[in-house]
Amino acid sequence: MTLTKSLPATALALILATPLAAQELRFTVWTGNDAHLAMLNGIAESFKESHPDVTVNFETIPAGDYIQKLTFQLAGGNPPDLGWMFEDSMPAFVAAGAVQELTPALEGAEGYDLADFSEPAMGLWKDGDAIYGVPFSTSPFMIYYNKDMFDAAGLEDPLALAAKGEWDMDKFREVAKALKDSGDAYGFEFKDGQGYDTRIMHAIMPPIRAYGGYAWQDGECGFNKPEAVAAITQLHEMIFEDGSIVPPGEQGDYFSGGSAMTINQISRASRMAEAGFNWGIAPLPTGPAGASPIIGQAGLVVFSESDQPELAKEFIAHMTSAENVGVMAQFFPPARKSVLESATFTEANSLIPAEQMAGVSAAINEGNVLPSHQNSPQIGAALKPKFDALWRADADVQASLDAVCDAIQGDL
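Mapped onto the working numbering, the consecutive letters of the sequence shown carry residue numbers 1 to 412.
Keep in mind that the hints were calculated from the coordinates and are not lab data. Cβ coordinates follow ideal geometry from the N, Cα and C atoms, glycine included. A couple of the hints might just be wrong.
[As the list claims (entries may be wrong)] Capping the alpha-carbon separation at 20 Å, the derived lysine-lysine pairs in PhoX-like fashion look like this:
1. 337 x 126
2. 48 x 69
3. 386 x 337
4. 386 x 69
5. 48 x 225
6. 386 x 225
7. 126 x 147
[Unchecked claim] Simulated DEER-style distance windows between Cβ atoms:
8. 243 x 399: 18 to 26 Å
9. 166 x 123: 27 to 35 Å
10. 243 x 374: 37 to 45 Å
11. 288 x 120: 18 to 26 Å
12. 123 x 65: 24 to 32 Å
13. 34 x 75: 27 to 35 Å
14. 77 x 243: 14 to 22 Å
Could you build all of it, start to finish, from the sequences and the hints given here?
Below you can see the structure in the form of structure tokens.
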């Protein structure tokens, strides 16, 4: 006698109506921000309309540990299905075969419109015609400033100076020192207070680009070239002569009023809701090379070790649809042209006025991404101790940057 004949009709109907097993996707991110996670969980919930038995679990790994811990998971038999990826790490993951190609899944997604993604924004996430990642955040670095501190010191704020064409690296140094001299707070803090550690490139590349320099190109190190040396010398003097930049070993914390300015992306505006002071965002200061906006990107990838790669690819297509890109635009500037050029973006973040968000759009259109390389892990490991030696009061900047280039040249 077969099983179906031995079961009551009601029991058989229940079995046939019940999924054999719910499906779960593990998704790694480096944010623990409640507003970000609520938004992501909302997108995951909307996926249930077409995939009612799928649950997406977002797993937070701190940014500073993200690549190392993710690599351990992938190598240790506990792989996530998909996750966020830094722009500078992407070439290494593609070269290692650690991420899957997404092209067929995206091309086959109904109404997806790949052509809506700007070609420059997609460049880092492709190898030839093959797409390995989809950028969800194409976010320029902006200057966050404490307007109350500028007003108290009798100084024009960066946005006003930029409007007059006076916001350059010399003025940046001048006002940072004036702010430090006028109160207890530092004039400037590097991104997330980590400019001497996990955010070295975020600290040094804005001034290097403003001076017309580069990190590396065509296999050659640029850190010890005159333009980069001039830019790093200015930072060094601001730290150790002016005392206006938070020095190594100390924490200024812009978000709690410990410094008057910092550099960050609009995703950090979520922290300003309860800042307790008036604030704004402005473009990066210009330099001898003119305006040089810098863009940080983050993308979505499916890991090669995923147990459910096709389902993970479907979720990426869902998450980066025009509708959901519009949802994410409140924190993560989009690569989709239709969203970037619309009021959906400029009015997306209730904390930032539309005219300031328009400046973000301009920086995306005019900016260049941070340097990346398929040997980024090796370059980062070799570069870090040499920069540690640079950030001392008695350091010889040129000699220190020569040492940086000597350390990384073999990986370029």
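Going through the earlier hints one by one, which of them does the structure break, listed in rising order? 2, 3, 4, 5, 7 and 14
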